[in-house]
Each structure stands twice: as C-alpha cells, then as structure tokens.
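**Student:** Given the sequences, and given the hints that come with them, work out the whole structure.
2 protein chains.
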Amino acid sequence: MILVNGETNDRINITDRGLQYGDGLFETIAYRNDILEFLEAHLTRLLDGCKRLSISFQDKELLRTELLSLCAQLSRDSVIKVIITRGSGGRGYFADNNMTPTRIISSHPYPKYPNSHAISGIKIHLCKQTLSENKTLAGIKHLNRLEQVLARNEWNDPDIAEGLMFNNDNNVIEGTMSNVFIVKDNQLFTPKLNESGVAGVLRSQIYRLAKENGLSVKEKIFSKDELLSADEIFVCNSVVGIWPVSNIENTIYPVGSITQILQQALAQSKK
Amino acid sequence: MILVNGETNDRINITDRGLQYGDGLFETIAYRNDILEFLEAHLTRLLDGCKRLSISFQDKELLRTELLSLCAQLSRDSVIKVIITRGSGGRGYFADNNMTPTRIISSHPYPKYPNSHAISGIKIHLCKQTLSENKTLAGIKHLNRLEQVLARNEWNDPDIAEGLMFNNDNNVIEGTMSNVFIVKDNQLFTPKLNESGVAGVLRSQIYRLAKENGLSVKEKIFSKDELLSADEIFVCNSVVGIWPVSNIENTIYPVGSITQILQQALAQSKK
Numbered sequence: 010m011i012l013v014n015g016e017t018n019d020r021i022n023i024t025d026r027g028l029q030y031g032d033g034l035f036e037t038i039a040y041r042n043d044i045l046e047f048l049e050a051h052l053t054r055l056l057d058g059c060k061r062l063s064i065s066f067q068d069k070e071l072l073r074t075e076l077l078s079l080c081a082q083l084s085r086d087s088v089i090k091v092i093i094t095r096g097s098g099g100r101g102y103f104a105d106n107n108m109t110p111t112r113i114i115s116s117h118p119y120p121k122y123p124n125s126h127a128i129s130g131i132k133i134h135l136c137k138q139t140l141s142e143n144k145t146l147a148g149i150k151h152l153n154r155l156e157q158v159l160a161r162n163e164w165n166d167p168d169i170a171e172g173l174m175f176n177n178d179n180n181v182i183e184g185t186m187s188n189v190f191i192v193k194d195n196q197l198f199t200p201k202l203n204e205s206g207v208a209g210v211l212r213s214q215i216y217r218l219a220k221e222n223g224l225s226v227k228e229k230i231f232s233k234d235e236l237l238s239a240d241e242i243f244v245c246n247s248v249v250g251i252w253p254v255s256n257i258e259n260t261i262y263p264v265g266s267i268t269q270i271l272q273q274a275l276a277q278s279k280k
Numbered sequence: 010m011i012l013v014n015g016e017t018n019d020r021i022n023i024t025d026r027g028l029q030y031g032d033g034l035f036e037t038i039a040y041r042n043d044i045l046e047f048l049e050a051h052l053t054r055l056l057d058g059c060k061r062l063s064i065s066f067q068d069k070e071l072l073r074t075e076l077l078s079l080c081a082q083l084s085r086d087s088v089i090k091v092i093i094t095r096g097s098g099g100r101g102y103f104a105d106n107n108m109t110p111t112r113i114i115s116s117h118p119y120p121k122y123p124n125s126h127a128i129s130g131i132k133i134h135l136c137k138q139t140l141s142e143n144k145t146l147a148g149i150k151h152l153n154r155l156e157q158v159l160a161r162n163e164w165n166d167p168d169i170a171e172g173l174m175f176n177n178d179n180n181v182i183e184g185t186m187s188n189v190f191i192v193k194d195n196q197l198f199t200p201k202l203n204e205s206g207v208a209g210v211l212r213s214q215i216y217r218l219a220k221e222n223g224l225s226v227k228e229k230i231f232s233k234d235e236l237l238s239a240d241e242i243f244v245c246n247s248v249v250g251i252w253p254v255s256n257i258e259n260t261i262y263p264v265g266s267i268t269q270i271l272q273q274a275l276a277q278s279k280k
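Chains as they are written, first to last, in our numbering: chain A, 10 to 280; chain B, 10 to 280.
Among the hints, a few may not be true.
Each pair may be met inside one copy or between any two copies, as identical chains are not told apart.
[Said to hold, decoys possible] Once the Cα atoms are required to be at most 30 Å apart in a straight line, the calculated DSS-like pairs of lysine-lysine come out as:
| hint | residue 1 | residue 2 |
| --- | --- | --- |
| 1 | Lys-90 | Lys-280 |
| 2 | Lys-144 | Lys-280 |
| 3 | Lys-150 | Lys-220 |
| 4 | Lys-60 | Lys-137 |
| 5 | Lys-220 | Lys-137 |
| 6 | Lys-233 | Lys-279 |
| 7 | Lys-229 | Lys-144 |
| 8 | Lys-227 | Lys-132 |
| 9 | Lys-233 | Lys-144 |
| 10 | Lys-150 | Lys-132 |
Don't read these hints as lab results, they were simulated from the structure.
**Tutor:** Following this line, the structure appears as structure tokens:
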C-alpha cells in the first residue's frame with residue numbers, strides 16, 4: 010500500500026526534488042503486533058531532519074493520522090517507509106520557500122531473517138566504500154544514500170548479514186543499514202556521528218535501555234583495531250532490533266552478556 | 010515534454026531507486042539553434058557514470074534516438090535533462106543485477122540570464138556548505154545533490170549568479186552548478202576533482218579549447234587565498250557557457266584576455 014500526499018497512488022512527478030537531487034528524508038518503521046514501534050521517536054527525528062534541511066514540513070499529526078490509517082488496512086507485520094521531500098519546483102538547486110513538501114508512506118513485507126541472527130549473531134563484512142564527512146548532513150536520514158548502496162553491493166554472500174562502514178580516516182561509523190555498538194571492559198561505546206552517519210532511532214533507544222539497566226553509552230571515535238579488539242559487538246536498527254556480531258574477518262566474538270541484557274530490555278520495552 | 014523509458018509520461022513509480030536513494034546519474038544538455046550541444050560528450054560521461062556505479066545501462070544509441078525525437082518537437086531553445094536511475098527493486102540498499110534502469114528525458118525553458126553575465130562578469134558568493142570527499146563518487150554527476158541544494162540556498166540575492174564551494178580542507182572545488190577556472194601569470198588552473206566535485210562537460214571542452222589556442226590547463230589543489238589572488242576567474246557549465254567572475258566579497262576582477270579568448274573559441278566551436 011502506498012499513500013502519496015494522503016491519497017492512494019504509487020507514482021510521483023519526475024520534477025519532485027526527491028528524485029532530482031535526493032532532496033528529502035526518510036524513516037523506516039517496524040509495524041509489528043499492530044503497533045508502529047517507536048513512532049513518536051521516528052516522527053520527531055523526521056521533523057528534526059526537515060528543520061535541518063529547511064524543508065517546511067512540521068505536521069506530525071497529519072503523518073500520524075495517515076500512518077495509522079494505512080496500517081489499519083494491513084493484515085500482517087510490515088515495514089513502513091515514510092519519505093518527505095522538499096516537493097517539486099525551484100530553479101535548479103535553488104528552492105522557493107513556498108514549495109509544498111511531498112509525503113510518501115509505503116508498506117513492505119517484513120523481511121525474513123533467520124532467528125539465529127539475533128541469537129547466535131551475524132557475520133559482517135568490512136566495507137571498502139567509505140562514508141564522507143559533512144557536518145550539515147551528519148546524523149539525519151536524508152535521501153542521498155549512494156554510499157550505502159555502493160557499500161551494500163560489495164558482497165552477495167547470504168551468510169553475511171551486514172557491512173560496517175568507515176570514514177575516510179578509517180574510523181568505524183556505522184553499518185550500511187544499522188548503527189554499531191561495542192562493549193570493552195563492561196563499557197558500551199558507539200561511534201560519534203557528528204561528521205557522518207545516521208543517528209538511528211534504535212540507537213537512541215539503546216541509550217535509554219542502557220541507562221534503565223545501570224549502563225551508560227560513551228560516544229567516541231574508534232578505529233578498526235579498537236573494533237576488532239572489542240569484547241562484544243552488536244548492530245541495531247528499527248527493523249532487525251539488536252543483532253550480535255559473531256564474525257568479523259577471521260575473528261569470532263561471543264554473544265556477550267551486555268548485548269543479551271539489551272536484547273531482553275528491548276523486547277520487554279515493546280510489550 | 011517528458012519521456013520516461015521512451016514514452017510520454019511525467020511520473021515514475023515511488024519504488025524507483027532514483028527517489029529512494031538518489032541511485033542514479035544525470036546530464037543537463039543545452040539545446041540551442043536546433044543542436045544538442047556537446048551531445049557525444051554528455052552521453053559518454055553519462056555512460057561512464059553508469060559504469061562507475063555499476064548501473065547496467067550502456068545503450069548510447071537508444072538515448073540519442075530518444076533525445077533527438079524529443080527535440081524534434083521543440084520550437085525553441087531548451088535545457089534537456091537526462092536522468093538514468095538503477096531502476097526499481099532490490100532488497101534495501103542491495104541491488105539485483107537484473108534490474109532495469111529507468112531513463113527520464115525532460116525539456117525545460119532555457120533560463121534567462123542577463124547578457125551582462127557573460128560580458129562584464131558575475132558576482133559570486135563563497136558558500137559555507139562544504140563538499141565532502143569521496144573518491145568513488147568524485148567527478149561523476151550522480152543524483153546525491155543535497156550539498157549543492159544547501160549551498161545554493163545560502164543566498165537569495167538576484168545579483169549573485171553563482172556560489173563557489175570548498176571541501177572540508179577549505180580548498181576550492183567548484184561552483185554549485187559550474188566548474189571554476191583561474192588564470193595566474195597567464196597560466197590556467199582548475200581544481201583537481203579526484204576527491205569531490207563534478208567533472209563538467211564544459212570543463213573538458215575548456216581543456217580542448219585551451220589547447221587549440223596554445224594554452225594549457227593545470228589541475229591543482231587551491232586555497233581560498235589562491236583563488237582571491239587570481240588574475241582572472243571564470244565559471245562554466247553547459248547551459249551558461251563561460252561567465253567571468255567580476256566580484257568576490259570586496260575584490261573586483263577584470264574580464265581578462267584569456268577568459269575572452271576562451272569565450273570566443275567556445276562560441277566559434279558551436280558554429
């Protein structure tokens with residue numbers, strides 16, 4: 010099912026700046042057990058992104074209504090994608106202030122991942138494609154995703170569930186579709202995302218769950234060596250939840266106790 | 010007029026990866042005096058870009074036929090935009106190899122710029138928005154253009170015709186919609202584009218015209234100070250041709266003799 014500006018429709022005008030320039034943002038929301046998980050956090054991040062890009066869309070209630078109306082027609086768990094673009098028009102890159110943003114809401118079958126991913130962990134690839142640095146775009150989930158496309162297409166082995174990406178200084182930033190955390194000496198760390206990367210909604214939920222469980226998360230810049238020498242590693246996003254990382258290159262990692270505590274806390278927080 | 014995959018149509022499916030991820034490329038071609046200017050160079054660059062991004066489109070003759078068929082219906086000078094996307098489908102960022110690329114050809118009114126831009130030069134803005142570095146994407150005209158959108162929206166003064174962008178190391182790279190050249194001690198220089206920027210079709214024509222006129226172009230990394238201390242500065246693209254730069258901040262630049270030689274050579278080469 011697809012709604013474009015509130016109406017059932019699967020097409021947009023080719024003049025839309027989302028297509029022309031990637032001039033927009035998106036969210037990927039899990040719809041499970043009749044609930045749009047972390048909806049408020051997704052909507053808040055989306056509207057924050059609109060502010061960051063000066064896209065004049067701030068109508069959270071309209072989006073919420075359209076999302077609930079679309080989901081009311083779904084008979085199974087789904088992934089819901091919301092795209093907001095700046096709209097059509099402007100002169101070249103220049104955008105008139107009176108442009109009407111486009112909103113696109115679509116539902117997709119929930120991807121089928123093996124249960125073992127969450128239980129015994131996943132094998133990950135270290136991507137050659139780097140993430141570029143740009144403070145203006147860092148953190149937000151905008152539509153300029155060629156780096157992720159190129160990174161994700163570096164492997165075609167179904168046994169590899171995710172790839173980790175580095176910045177140009179060879180520091181770990183995130184997965185192609187996830188954020189990454191490590192545990193070292195019982196301390197949780199995750200990469201700083203002030204220059205590149207997407208600050209995922211599940212990433213911020215991990216901060217909350219960690220705190221509720223007497224843990225804290227430290228943001229830092231960390232190198233490949235620091236990643237490889239971690240005690241526990243996991244990746245997370247709104248659709249897959251938390252996946253422990255069990256294999257990187259030739260190193261094997263245990264599914265550690267902190268990862269398991271957070272997995273249980275996440276499952277509990279959705280009930 | 011718009012052709013999508015060869016048929017008159019102004020819409021694309023929202024599943025197209027051009028919208029979803031900016032997963033594609035484009036060209037902007039001048040159609041003047043019944044000629045698609047530098048058509049061969051545009052098509053070659055577009056197909057080179059497809060190779061760089063592993064988009065499986067290489068049918069130059071199909072594009073040429075569709076472009077000529079569209080232009081045959083135009084009664085005035087126009088700007089023709091060609092977009093090639095990877096197509097619809099894949100699983101998330103992952104792209105199946107058997108995807109059918111989407112081709113979109115659209116005509117637009119030729120923008121009206123004052124004649125004085127080409128004769129007495131333009132005033133330019135120095136953009137705060139930087140260009141990020143990524144060797145994989147440098148040089149090609151892909152659809153991830155948020156940096157240009159943000160840069161172009163830093164000013165709304167109609168007297169400013171273009172903005173120059175810098176990389177994160179504060180080196181000059183290009184204009185928001187153009188390439189930049191400077192002349193210093195009778196030598197032409199233009200920024201190296203191996204880490205960011207778009208290697209424009211007119212930029213490569215300038216190399217050819219310079220050579221034909223006993224001049225050469227040196228590519229180098231240059232700072233804002235080197236830009237400001239230039240003897241002549243000009244920007245160029247396929248639609249505007251060559252615009253001398255007459256004002257940057259409080260400095261005034263002459264329309265120099267090398268700029269004029271190249272302008273004349275460009276006009277001559279289109280006859």
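**Student:** Honestly, which of those hints from before does the structure not fit?
**Tutor:** Per hint list: 2, 5, 6 violated.
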